[in-house]
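Engineer: Going down the list, the sequences are from chains V, G and R.
Residues are numbered in the numbering used here as their position in the first sequence, beginning at 1, plus a constant of 734.
Residues are numbered in the numbering used here as their position in the second sequence, beginning at 1, plus a constant of 734.
Residues are numbered in the numbering used here as their position in the third sequence, beginning at 1, plus a constant of 734.
Since the hints were derived computationally from the structure, they do not count as laboratory data.
Hints may be right or wrong, so weigh each one.
What the hints assert, rightly or not - In the EDC-like style, the derived pairs of lysine to aspartate or glutamate whose C-alpha atoms are separated by at most 20 Å in a straight line are:
1. Lys793/G x Asp821/V
2. Lys908/R x Asp1024/V
3. Lys908/G x Glu1025/R
4. Lys910/G x Asp821/R
5. Lys793/V x Glu1025/R
6. Lys793/R x Glu1025/G
7. Lys1066/R x Asp990/R
8. Lys910/V x Glu1025/G
9. Lys908/V x Asp821/G
10. Lys793/V x Asp1024/R
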Amino acid sequence: VNYLRNCWYAAAWSAEVGSALLSRCLLDQPVVLWRDTGSGVHAIGGRCPHRFAPLGQGKLVNGRIQCPYHGLQFDAAGTCVVNPHGDGAIPREARVRAYPAAERHRLVWLWFGELGREDPALIPDLSFIDEPGTAAMSETVYGHGNYQLFSDNILDLGHAEFLHPGFGAPVFTKGKRETRLVGDSVQCTIFHPNDVQSPIVSQLLEITNKRVDYWGEITWTAPATLVFTSYYAEPGMPRDTARRLPSFHVFTPETDRTTHYFWAGTRDFRVDDAALTEQIQRATGAVFRDEDDRMIAAQQELMGTSDLFSLRPVILPGDSGAVLARRLLEKKIRIEAAASDASPR
Amino acid sequence: VNYLRNCWYAAAWSAEVGSALLSRCLLDQPVVLWRDTGSGVHAIGGRCPHRFAPLGQGKLVNGRIQCPYHGLQFDAAGTCVVNPHGDGAIPREARVRAYPAAERHRLVWLWFGELGREDPALIPDLSFIDEPGTAAMSETVYGHGNYQLFSDNILDLGHAEFLHPGFGAPVFTKGKRETRLVGDSVQCTIFHPNDVQSPIVSQLLEITNKRVDYWGEITWTAPATLVFTSYYAEPGMPRDTARRLPSFHVFTPETDRTTHYFWAGTRDFRVDDAALTEQIQRATGAVFRDEDDRMIAAQQELMGTSDLFSLRPVILPGDSGAVLARRLLEKKIRIEAAASDASPR
Amino acid sequence: VNYLRNCWYAAAWSAEVGSALLSRCLLDQPVVLWRDTGSGVHAIGGRCPHRFAPLGQGKLVNGRIQCPYHGLQFDAAGTCVVNPHGDGAIPREARVRAYPAAERHRLVWLWFGELGREDPALIPDLSFIDEPGTAAMSETVYGHGNYQLFSDNILDLGHAEFLHPGFGAPVFTKGKRETRLVGDSVQCTIFHPNDVQSPIVSQLLEITNKRVDYWGEITWTAPATLVFTSYYAEPGMPRDTARRLPSFHVFTPETDRTTHYFWAGTRDFRVDDAALTEQIQRATGAVFRDEDDRMIAAQQELMGTSDLFSLRPVILPGDSGAVLARRLLEKKIRIEAAASDASPR
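Looking at chain V on its own, in the form it has when it is part of the complex (with noise of 0.2 Å):
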């Protein structure tokens, strides 16, 4: 499989990485996940060079994982420092890849691709998150197919009314919709006046049997981090007038046909209601694991091993922007590959 290298993915949220060990697969590698209270979080290949262990299965001593099979230790780099058997001499190539790790919007994110090139200002701006009074949730869903089934699903929300009943709204079906290229990323935003919105939202907004009008902002910069916004206003008051509900989706391969899914969102009234909180990221949490979830690995199923434009799907207009971001980013995977150097792996 064919991954963009030169780029962050996130690995797990902050808050998951300690002082324990954390195995995680990501794009088809195992790689270890653990905080040290001094330098933050490291990353390094999860299997062992001499006898292929479980490097997660191992434990902390003195801040290098110690392997659990035969005690190699690994500092921070991937180096071994430490052969307890014999004279202890330790051979050049013991050592496994470090991936440089970088915290960022409540997320640990790594790097996989040429070193030396990993700019933590790569790193995708979901800063709505650490905005100061907002209350924020967020999640991990495990994703049943490939990444990109999950990045086309946000990117064509023209599924919602269809797959999401208790959330959908004709809103998406019937906006005025529009995709563009801003720089390297694809943006598409769909705006429909005079909506009623769904009863959920309602609620949630307080604007029960109210018109509002909408507009939704959906954000995709590669390889998979997608920003969704709504905005509801008072018919017919512009935008900056507007309730805004901003939403993070950061898909990470784990193989080719599992994912990683990262999605958290924030709201900026009834901040200190712990219950709403918790109520939306219930139920919003339910949409994405037993709706959309279920829906993409059924896709992924069918579609077996085969690429999605193997198969020659039809394409509609509200698909472009899917399109659009699968084509940059074969296009950047390509160019990546065909720097050979820019794959030092």
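Starting from the structure of chain V, add chains G and R where the hints point.
Structural biologist: Below, chains G and R alone, put in the same frame as chain V:
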């Protein structure tokens, strides 16, 4: 996998197909079936051509299948007739295959071959099931092996004495057997005069402690329809005085290694005894499921992905029917493949 | 998969083989074993050559295996001697392979190689298990990895300190280690004077709070038989005054990725203490199952279908035995394959 295409395959019992969508995998393809009050049973491809979602998880809206993902609607011809998005334009290629369907002998039959050649007269004659004054029983067994192994199993009933101790009797081992080609069908007959039947059959026929002359007749038709009729007569009396017990065994590949096994049988005595019908059906179904299917599953497991002949099986005289049927089917598939336009898919 | 053929493989404990058929997959092949009151243990191929039914699900009739599907009977030479159908003629090719069998050291050994070369003198010498005046324990562990990974595991006991915290002691990490070729065998020795044993071993040996001189000796013989003997002596005393704890570890591939792990050990003190025997057996078996096998399963998972050397493992001095054994086995298999007539299958 190569399947014979220009023939009818049983897809379901008529009684299984109603106004709710029925999803079934047939010949490795997802298919959706449903019944229209006006025009009978329809069957179309079960994978939406837009995003490959499972149409069988959708719902019927005005007699059309609405895709559960983005709401495209497909009619019984497999053509997308409603696109609820934007201006509602429908790409020409938004269509799935429609399978000609016919109902006969309590089964729904689908045509997987060249359109225009779907003559219902090609449906195998199983009309004994429709005879008035008979009691019928029927059931589906989910088969864990290739459909041809199931045909082989019926074509060589020599296994009965060993695999079906409750039913079996030496008749199938000791009787006089013949195999002949009758048109395009393979017919295996067995004759055993002055035979003692198993306790179960004896009780059913009320012939305990009585000798009978026994005739068995098995007819195979491509791809995998078998009719098995037993005749029991007073010793020395002609066959047309015999009590007759006909059954059919229709095998439709779900995949290369799994089979939909439709069987049915009738009797023309004690026809109003529903308890007897249920008793026979339960006993017979148990034999097919717990004895035949388990054996075939084990056989398939030991054969792996190999074709039967490639493993060079020892051929016994009792295999003549199965070998002949396999050779015939192989030849038909080869001829069909050669006539490339015969396989429009 | 290439296995060494001209050698004996342990198939079962003698006590496992009785008058009932025992089905077992060995070297990827289905095999059926049974015991004849007159002539001992027999083993023949477990797949009927007629329809590939599992002979092990059949039954013994007059000392022959009757196939559960069509009733063909095979004798201990693997020859079909009864065809219950029609005129009973038996095709010449109606035969399965017979595996020469020998019982020694409580195990049943089968020969998978060229017939006529099955010299029982080639069975590895595990005679310590037969010594009078000793208490023995033995068990089978179902191993979830390639058999060579299990050999490696015993050949490098340097893992004990890390993988077996209850048993382990620094002796295997700190002791003086040597590897040598003794004839066709690989011998690894370890010596650690003035050693402190783990609480479990100390309690067993009744040497709590006492120092010992420790010798460990591991001998590997192709394909995968290992004898591991520990010696515990008063510090400074010669080895022949030591208490001796021998064990064997015999690994037979079930498939390329699963292993039948037969182990046994004896002691020559407190030999009548059955409770002690059970206690040691339980503790030891738990270590092999819950620690060794789990680690090897994880290792195999991370190696996937790759051969160990193809992954270019880092080699440590402690791997010298395992590497030597692997190279020897590889060479033997290569030589055998070159002499094509050595592999009659």
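Engineer: A separate judgement is required for each hint: does it hold in the structure or not?
Structural biologist: Here is how each hint holds up against the structure:
About 71 Å separates the Cα atoms of Lys793/G and Asp821/V, which puts this hinted pair outside 20 Å; it is violated. Of the pairs offered as hints, the one joining Lys908/R and Asp1024/V is violated, with about 55 Å between alpha carbons and a cut-off of 20 Å exceeded. The suggested pairing of Lys908/G with Glu1025/R is violated, with an alpha-carbon distance near 57 Å, which exceeds 20 Å. Restraint check for Lys910/G and Asp821/R: satisfied, since their Cα atoms lie roughly 10 Å apart, inside the 20 Å limit.
Pair hint Lys793/V plus Glu1025/R holds up; C-alpha atoms about 15 Å apart against a cutoff of 20 Å. In summary, the hint linking Lys793/R to Glu1025/G is supported, as the alpha carbons are separated by about 15 Å, within the 20 Å threshold. Annotation: proposed proximity of Lys1066/R to Asp990/R holds, straight-line Cα distance about 18 Å (limit 20 Å). With a CA separation close to 62 Å, the supplied pair Lys910/V and Glu1025/G exceeds the 20 Å bound.
Restraint check for Lys908/V and Asp821/G: the C-alpha separation of about 9 Å stays at or below 20 Å, so the hint holds. With a C-alpha separation of about 18 Å, the suggested pair Lys793/V and Asp1024/R falls inside the 20 Å cut-off, and the hint holds.
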